[in-house]
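**Q** Spelled out from the first residue to the last, the chains are:
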Amino acid sequence: MSLTYHLQIVNLLAALLLLISFAMLSQRRIAGLITLFAWQGAALAASTALVAWSTGQHHLYYSAALTLVLKVIAMPWYFFRVVKKLNVDRDVEPMINIPTTMLIGIVLVIFAFNLALPISELSGTVTRSTLGIALATVLLAFLMMITRSKAIPQVIGFLAMENGLFFAATSATYGMPLVVELGVALDVMVGVFVLSIFFFQIRETFDSLDLKHMEKLREK
Amino acid sequence: MSTGILLQLAQTLLAILLAPLLMGWVNQCRAWLQGRSAPPITQPYRTLKKLFHKDAVIAHNASPLFRFAPYMIFACMALAAGIVPTIANDLPFSPAADVIALVGIFALARVFLALAAMDIGTSFGTLGARREMLVSFLAEPALLMVFFTASLISQSTELPVIVDTLAHQEFAIYPSLAFAAVAFWMISVAENARIPVDNPSTHLELTMIHEAMILEYSARHLALIEWAVALKLFTYSALGIALFLPWGIAVQGDLAALPLALLAMVAKLLLGGAVLAFIETISAKVRLFRAPEFLGTAFLLAVLGMLIHFLLEV
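Residue numbers (this note's numbering), protein chains in the order written: chain A, 1 to 220; chain B, 1 to 314.
With the rest of the complex left out, here is chain A (with noise of 0.2 Å):
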């Protein structure tokens, strides 16, 4: 190992964010999903100032703040408002059982990893090697959002592909310039606010937060 030590914890943390990815995919309550998803934006905001400070690359210090803000401070405060308001913390069962859905969290990290092989030979970062990481986080994400029925934690799956996402950049290219980045944050923050309308939407026309009910919509 020739790398420094701040590298070495960027790789620690990149770890911790794909650990937290699977804790999420187990995870059975809302609340403590939210406290997770607290968590990951932490541990990225962590990361991405450690790579700010490694490689002198300022602009990242402002996506660091700015994911500290919005996705470890904001966005869990709002969430847990609304899930006090909904009244919806209780255990769900996903779709899929948990052990099952982790061998497939297995599974799509394999792949991920043997995808973002060739991909980060062609990257000039010192943080090349993550990105494998990021993709896998990318994907497991996703993978959580198959398999919940609820809106929450689907609305939470698809922050934390965005999380997956923006360490997807910090890894390959120190980030996408600061625009893009406040653009996207805007975004995120935007689609929550929206999302959350809908919670409340669903909720009043079934009674429940489960999405299965939607497949029963149809034009009269």
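Worth flagging that the hints you see were computed from the coordinates, not collected in a lab. Be aware that one or more of the hints could be misleading.
Said to hold, decoys possible - Distance condition first, Cα-Cα at most 35 Å in a straight line; then the derived DSBU-like pairs of lysine-lysine:
#, chain 1, residue 1, chain 2, residue 2
1, B, Lys285, A, Lys150
2, B, Lys268, B, Lys50
3, B, Lys285, A, Lys84
Unchecked claim - Some chain A residues flagged as far from chain B (calculated, every beta-carbon gap over 12 Å):
#, residue
4, Tyr5
5, Arg29
6, Leu68
7, Val69
8, Ile106
9, Ser123
10, Gly191
11, Gln201
12, Glu204
13, Thr205
14, Met214
Even glycine gets a Cβ: it sits at the ideal position worked out from N, Cα and C.
Given chain A, put chain B in place with the hints provided.
**A** Then chain B, alone, in the frame of chain A:
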């Protein structure tokens, strides 16, 4: 060479003698955290002494295996405790078994315990043996995966080489070891019959696993099994320390480092025992049918550790 053998003997004896103390320390921490008045730290020794002075009662239809099993289990655990480096590295005993053979030694003890439990033919014994086998057949592959992760880093399955690579070479952060450490913690909780997989202080038939197997034992047989259980906890703790916190273990032939190594080991064990008691206090026992999920997670973490080793550390 002769110092090596002496040191080996001293280390093994130390492990055998200190093991009940570790058990007592964990019980004491648990009692403090749960707001009970704690038994003295030497309580396991007193229990052992009491049991050794009693007359053994054995069922009429017990086979010789039933009498023989406690000695076998104790011998396996003593052997394992001799192989794992606790204070000094690379002792003459260590080449006897690498980590894979170590898993085999644990399995041997388990097989004898399960056979002895079924030997009498009571329903509890059979039930306990079946449950134990369910838990262990899930824990074993996960344990092997943890060992493989550690051996991938050091290119060897020999414990002394692993310890040497991690403790005495240039310091590096291995994310894969972090995963392996969490997995190892979960496995040792399951293997040592602690909460959340099993409760060591329960005698409720619906939940007990380990206790159900040793219900028929009494006196010196029970004492040996209890001692072996304490020794197993000690060996697993020593193994965890050797793999994940090896700093302080003396290198081969370095006698001057031994007092410090002893001190480091005691400090790490005290800390580990307190953490174990803390985690046991804050977590609830899971249903038996959730145990596969718990151990499946441990297996998954260990496999992830290996994958991450290939991605980040090669």
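**Q** If a hint holds in the structure, say so; if it doesn't, say that too.
**A** Structure-based check of each hint:
no. : hint                   : result
1   : B/Lys285 with A/Lys150 : holds, 28 Å
2   : B/Lys268 with B/Lys50  : holds, 30 Å
3   : B/Lys285 with A/Lys84  : holds, 28 Å
4   : Tyr5                   : violated, 7 Å
5   : Arg29                  : holds, 14 Å
6   : Leu68                  : holds, 22 Å
7   : Val69                  : holds, 27 Å
8   : Ile106                 : violated, 6 Å
9   : Ser123                 : holds, 14 Å
10  : Gly191                 : holds, 30 Å
11  : Gln201                 : holds, 35 Å
12  : Glu204                 : holds, 35 Å
13  : Thr205                 : holds, 35 Å
14  : Met214                 : holds, 30 Å
Of the numbered hints given earlier, the model fails hints 4, 8; all others are met.
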